[in-house]
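Note that the protein sequences, when read in sequence, are chains A and B. Anchor point for the first sequence: position 279 equals 279 in my numbering, and the numbering is continuous, going up by one each time. Anchor point for the second sequence: position 536 equals 536 in my numbering, and the numbering is continuous, going up by one each time.
Watch out, some of these pointers could steer you wrong.
[As the list claims (entries may be wrong)] Okay, the calculated beta carbon distance ranges per label pair:
1) 552(B) / 70(A): 52 to 58 Å
2) 41(A) / 574(B): 47 to 53 Å
3) 200(A) / 542(B): 26 to 32 Å
4) 48(A) / 552(B): 26 to 32 Å
Calculated directly from the structure, the hints in this document are not laboratory data. Note that the structure is a prediction, hence the values are computed from the model and not measured. Heads up, the beta-carbon is just placed ideally off N, CA and C, and yes, glycines get one too.
Spelled out from the first residue to the last, the chains are:
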Amino acid sequence: MDTIAAISTSLGAGAIGIVRLSGGQALSIALRFFSSSRVKRAEDVVPNHLGLGTFTDGDVHEQCMMVYFRAPRSYTGEDMVEFHVHGGSYLARRVLEALIGAGARLAAPGEFTRRAFLAGKMSLDEAEGVRAMISAESEAELREAYSLMSGRFDDRIDEILRTLTEVLSTMEASLDYPEEMEDEADDSMEKAAAVREEMRKLLSSYGVGKLIKGGVTVAILGKTNVGKSSLLNRLLGYPRAIVSDVHGTTRDVVGESIVYKGVKINLLDTAGLRETTDSVESIGIARSLDAAHSADVVIYVSESGKEEDKKEIEKVLSCLDKVLLVNNKIDILGKGQGGINISAKTGEGIETLLDEVLRLTVGEGRTAETLTEERHADCIRRALAALERGIAAFHKESTECVLVDLRESIDALSEIGGGNATENIINDVFRRFCVGK
Amino acid sequence: MKYEAIVVGAGHAGVEAALALARLGHKTLIVTLDERSVSHMACNPNIGGTGKGHLVREVDALGGQMGLNADASLLQIKMLNQNKGAAVQSLRGQTDKEVYHARMLATLRETENLTIREGECEDILVEKGRIGGVVVSGETIYADVVVLCTGVYLSSRTITGEEIHDAGPYGFENSKNLSSALLEKGLPLRRFKTGTPARVYADSIDYSVMTREDGDSTIGCFSFLTEGKLLEQTPCYLTYTNPETHRIIRENIHRAPLYNGTIHGVGPRYCPSIEDKIMRFADKERHQIFIEPEVKGGELMYVQGMSSSLPKDVQEAMYRSVKGLENVRFARYAYAIEYDCIDPLALKASLEVKSVEGLFSAGQFNGSSGYEEAAAQGLIAGINAARKLEGKPPVILRRDEAYIGVLIDDLVTKGTNEPYRMMTARAEYRLSLRQDNADARLTPLGREIGLVSDYRWERFLARKGKKDAIRSEYKRSIPLSIVREIYASKGETATGGMTIEEMLKRSFISSADILPLLPEELRDPDLAEEIAVEVKYGGYLEKERKNAADYIRMEERVLPEGMDYLAMENLRLEARQKLDKVRPRTLGQASRISGVSPADIAVLITYLVKTQG
Numbered sequence: 001m002d003t004i005a006a007i008s009t010s011l012g013a014g015a016i017g018i019v020r021l022s023g024g025q026a027l028s029i030a031l032r033f034f035s036s037s038r039v040k041r042a043e044d045v046v047p048n049h050l051g052l053g054t055f056t057d058g059d060v061h062e063q064c065m066m067v068y069f070r071a072p073r074s075y076t077g078e079d080m081v082e083f084h085v086h087g088g089s090y091l092a093r094r095v096l097e098a099l100i101g102a103g104a105r106l107a108a109p110g111e112f113t114r115r116a117f118l119a120g121k122m123s124l125d126e127a128e129g130v131r132a133m134i135s136a137e138s139e140a141e142l143r144e145a146y147s148l149m150s151g152r153f154d155d156r157i158d159e160i161l162r163t164l165t166e167v168l169s170t171m172e173a174s175l176d177y178p179e180e181m182e183d184e185a186d187d188s189m190e191k192a193a194a195v196r197e198e199m200r201k202l203l204s205s206y207g208v209g210k211l212i213k214g215g216v217t218v219a220i221l222g223k224t225n226v227g228k229s230s231l232l233n234r235l236l237g238y239p240r241a242i243v244s245d246v247h248g249t250t251r252d253v254v255g256e257s258i259v260y261k262g263v264k265i266n267l268l269d270t271a272g273l274r275e276t277t278d279s280v281e282s283i284g285i286a287r288s289l290d291a292a293h294s295a296d297v298v299i300y301v302s303e304s305g306k307e308e309d310k311k312e313i314e315k316v317l318s319c320l321d322k323v324l325l326v327n328n329k330i331d332i333l334g335k336g337q338g339g340i341n342i343s344a345k346t347g348e349g350i351e352t353l354l355d356e357v358l359r360l361t362v363g364e365g366r367t368a369e370t371l372t373e374e375r376h377a378d379c380i381r382r383a384l385a386a387l388e389r390g391i392a393a394f395h396k397e398s399t400e401c402v403l404v405d406l407r408e409s410i411d412a413l414s415e416i417g418g419g420n421a422t423e424n425i426i427n428d429v430f431r432r433f434c435v436g437k
Numbered sequence: 001m002k003y004e005a006i007v008v009g010a011g012h013a014g015v016e017a018a019l020a021l022a023r024l025g026h027k028t029l030i031v032t033l034d035e036r037s038v039s040h041m042a043c044n045p046n047i048g049g050t051g052k053g054h055l056v057r058e059v060d061a062l063g064g065q066m067g068l069n070a071d072a073s074l075l076q077i078k079m080l081n082q083n084k085g086a087a088v089q090s091l092r093g094q095t096d097k098e099v100y101h102a103r104m105l106a107t108l109r110e111t112e113n114l115t116i117r118e119g120e121c122e123d124i125l126v127e128k129g130r131i132g133g134v135v136v137s138g139e140t141i142y143a144d145v146v147v148l149c150t151g152v153y154l155s156s157r158t159i160t161g162e163e164i165h166d167a168g169p170y171g172f173e174n175s176k177n178l179s180s181a182l183l184e185k186g187l188p189l190r191r192f193k194t195g196t197p198a199r200v201y202a203d204s205i206d207y208s209v210m211t212r213e214d215g216d217s218t219i220g221c222f223s224f225l226t227e228g229k230l231l232e233q234t235p236c237y238l239t240y241t242n243p244e245t246h247r248i249i250r251e252n253i254h255r256a257p258l259y260n261g262t263i264h265g266v267g268p269r270y271c272p273s274i275e276d277k278i279m280r281f282a283d284k285e286r287h288q289i290f291i292e293p294e295v296k297g298g299e300l301m302y303v304q305g306m307s308s309s310l311p312k313d314v315q316e317a318m319y320r321s322v323k324g325l326e327n328v329r330f331a332r333y334a335y336a337i338e339y340d341c342i343d344p345l346a347l348k349a350s351l352e353v354k355s356v357e358g359l360f361s362a363g364q365f366n367g368s369s370g371y372e373e374a375a376a377q378g379l380i381a382g383i384n385a386a387r388k389l390e391g392k393p394p395v396i397l398r399r400d401e402a403y404i405g406v407l408i409d410d411l412v413t414k415g416t417n418e419p420y421r422m423m424t425a426r427a428e429y430r431l432s433l434r435q436d437n438a439d440a441r442l443t444p445l446g447r448e449i450g451l452v453s454d455y456r457w458e459r460f461l462a463r464k465g466k467k468d469a470i471r472s473e474y475k476r477s478i479p480l481s482i483v484r485e486i487y488a489s490k491g492e493t494a495t496g497g498m499t500i501e502e503m504l505k506r507s508f509i510s511s512a513d514i515l516p517l518l519p520e521e522l523r524d525p526d527l528a529e530e531i532a533v534e535v536k537y538g539g540y541l542e543k544e545r546k547n548a549a550d551y552i553r554m555e556e557r558v559l560p561e562g563m564d565y566l567a568m569e570n571l572r573l574e575a576r577q578k579l580d581k582v583r584p585r586t587l588g589q590a591s592r593i594s595g596v597s598p599a600d601i602a603v604l605i606t607y608l609v610k611t612q613g
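The shape of chain A in the complex, shown without the other chains (with noise of 0.2 Å):
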C-alpha cells in the first residue's frame, strides 16, 4: 500500500493541528523533516511516545510534536506517523505539502477508515466518529463545489480530460479493433504531449491559487500615529479599530478579512513601532515585526511629507521585498515622495493600494481557472506524472504497457471530477471510429 497523508483536525479555528501520515513509508518520510534533541534516525523513535521536536522545510522551521504508531498497533493497522502543530489551518497545511512533495499521497476522502477497517482495525466508537467526520467533509466540499472559482477551473479540466480520453480511445480502439483502424491517423503522441504542457500550466497555477483560496495576508505597518488603524478602518468600510491621537492605542495585532476583486486579504493592523519603556506596549511592537515576516505583503505606513529613510525601514524588516511605502494624510499634508499616496480619511489611492496588494501577490496569473485545491494538485500531480512516463515508453514499449501509464494518468485526472474512465474511452471509441462489424 502507499502511504497516504492528510489534516485529520478541521481546517480553520483549534489549538493543534493534527497531520497523519499512514502506510510503509510513514516513518521515513516523516523523518525527511522532524528532527529533536533525542530523535536523529529511525531507531531513536520510540513507538506510541509523543515526542517535542521540529520540523523542518524550506522556510518553514517549527517546534511540533511527533508520535509514531508501529503496525500493526495503529488505526489503520499500517505505519503511522501523527504531527501535532500548532493551531490554524496555515501550518498543517505547510507540513501536509511538505509530506505530499517527499512521496506521500493525499488521503482520498475517509481513506483512513477504509484502510483500518480493511486491516480489521475500527471499534463502533470509532466508526461512529467517522461517520459524523465524513458527512461535515462532504458537506465542506458541496460548499465548494458551489464556489464562484470552481466552474471554470472545472471546464479547464474537463477539457484536459476529454483531449486524454481521445488519446487512449484512439490507442484502445488499435488493439481492440486491429483491423478497422489500420487507416485511422493516429495523432495520439502530439495530444499526449498538449495535454502534459495543460497540466503542467495548471500545476505553476497552484501557488497563486493557494494565496488566492487561503488569502493574501496584508500587516500594515509603522510608526505610531501615522494613521494605520485609519487606513484599517478604511480598507475595512467601518470602525474596526479605536482611532485617537494618543500614541500608542493598537497595542496588539487586529486583524480582519476582506475580498477584493475576487481575492480575500486578510489585513493584520499593529501597534505602531517606537521605543517605548511600556513593556506591554514592546510585546505588541515584537508581535507587529512577527506579523510582518509572516505576511505575504507589508504595508510600511509614513506620514505624507515626512517619509522615513528607506534603509531604516529596511533594518527594521530586514528585507524590503514585499513592502509597499504609502503616504498618508495626503488631504492635510499633500503628496508625498516615492510611495503610495493615499488618504485613509477620504479614502484617496486606497485602491491603487490594493491593486498593488494584488500585483505583488497573485500577479498576472489570477484568473479564474487556477487551481486552488492541494487535492486537485495531487491528482493532477500524479496524473502528469504517469503521464510523462507514458510518454517515455511511447516509442520504446508496445501500446498494452504505455497504456497502463496513460490509464494510471486518467484515472487519477478523472478522481477530481468523478466519472467512470474505462467507460468514458469505450464511448469515445465508438463516437469517434467506424469500428464493429
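Given chain A's structure and the hints, the job is docking chain B onto it.
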C-alpha cells in the same frame, strides 16, 4: 417428470451450462425449440477475436466445450495483433457452422446425465421465491435449479424493411409465451436489438477483384488439448463499399426501420448496421467488407460488414454496387432482430436471479452479445447451479483472474444499455490476463470444481512443469562469448556475461534467439515465448500485481445479504438507491457502482462495523 437441473435453450450459453451440470453428475434436461438450432451460429461464422479469444481460452481452461468444438470445425485461424504485445493477441477462427452445430449436438448426446428435449418452455414454476421447475409445451417438469439461456428467441421479431416476422433468427421458431410469464414473476425485462448481414451464393461472387485473406498455419488452436496446427486453411476475401453504395443507402434511409421508428430495441454500437455506419460516419469514403465461408466448400458466404434491416430491393442494389458482388445472388437477406432480455442488475455475481432462488441465467438473455460471452456465462451459470444443488458456495471469478470475471462483474455491477461485448479495454489487469496463460490462471480451479478431466490435468501439469523448468533456465548465466555471438547477430555489442532473463529484457532479443540455449527437451517455442513475455512485461506486470493486491483486499470483504441501504441516512440518496438496486456482494463491488463515491464507501464501512459488532 423430475430432473435435478433444467437448462432452457441450447445455444452457446445453454450447451455450456448443461454440459457443466451433467458432467458434475447432475441429472440434467436441456430444452430447445428445435434440435437443428443447437449451437447454431446465427450471425458470423467465426469464434474468437480481440478479448473474445481470451474468453474461449478461459472457458477451455476451466473444462468447457467451446474451444474443443471450435477446433474441430476450424476453416481458418489467425492471431490478431501479432505486431503488438502478447497480452492483446487474440485468436480468431473461421468455423464450419454445420460441423460446429453437429459436433456440439453429438457431444450433448453422448454426455452422461444429459437429456435433450425439443419443445417450448412456456413458464417457470416459482414457489415462495424458489424455483420449482418449468412448463415445456404444456407439460410440467420439476427441477431444483433452472438456467435460462434464451438467447435472442424471447418474443423476438425479425425485421427486413417493411417485412416483419414473429420469428427467431435464421427462420427458426421463437419463444412466444415465456416473456410474459417471466414478467409476471417480477423479472425486469427489456428489449434489445441486433442484426446480421445477408448470406449469398458463393458462386455468384467475383473473388478475383477482392483481396484474399489467408489464415496462419504456424499458430496453435483454441483448446489447450488440441495438438497440431491447422495446415489447410480456407481463405476469406476483402472488398469495400464505395460512394455508389453510400448513395443508395442514403436515398433509401427513410425505409430503414432503424431510422423510421419501426425498431425500438437498443442496438449494439459494437455491431452497427451498414446504414448506421454511413449515417454516423458520413465522411468515411469506404467501409471494409469481408466475405467469409459458412461451411467448408459450401454454397453460402457470409458478408461481414453489411448488416442491415433495409428492404430487400435496397439490399440487392447496395450489395451489387460493391466490387466483386455485381452479380451476387441472395440466399438469405440481412435482417435486424429484436428480443427480450433481463436487466443484469437483477442478477447476483453467481448469475443467480436475486429474486428467485435456484434460477440462473446466461448469455444474450443477460444483455451480452456474442457467442463467446454467452459460453463464458453459460459455463459459470452451470457450475454455480450445480454448486447450489450441492450446497457449495458459488464460484465467482475476480477481475484480476479472468476476462470472465470482468464480463460478469461489469454486467451485474454496472448493468448495460446495449448488448455487451467483451473488449480488452475493459480489463484493468490486461497484461496478466493473457490467452497464453489462461490454463495457469484457471485450470487448477477447474480441477477443484470437477470439470477438468484427468487427461487435461495431466497435460496441464506436464506443461506447467516444463514452464517452471524454463523459468529457472532463464535465471542461468550465459558466458560472454555466447552472449556476444547472439548480440552480434542483431548488430549489437555485448560487454559482459548475463542471464537469459537479462538478455530477454533487451527489446532486440526474442525468445526465438535464446531457444538454442535451452536444453533440448525444453526447446518448446510456445512455452519459451510465454515465459519471455513475463520477463519482457517485467515492471508493468509488477505494477498490475500491486494494484490488484489493493483490489483483492476490497473484494475479500463480503457484505451481509440483508443490508438495509435505504435506511442509511448518512449516505447520499443516490448512493443509497444504487446500493439497494445492485446489492453488491463485496465492498469492492460496492465501490465500482457508478454513483457511489469513496466517501460513501467510508460511511458504508461504519455501518458494517456497527452490524458486525
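Here's how the hints hold up against the structure:
no.	hint	verdict
1	552(B) / 70(A): 52 to 58 Å	violated, 25 Å
2	41(A) / 574(B): 47 to 53 Å	holds, 50 Å
3	200(A) / 542(B): 26 to 32 Å	holds, 28 Å
4	48(A) / 552(B): 26 to 32 Å	holds, 31 Å
When the structure is compared with the earlier hints, a violation turns up for hint 1 alone.
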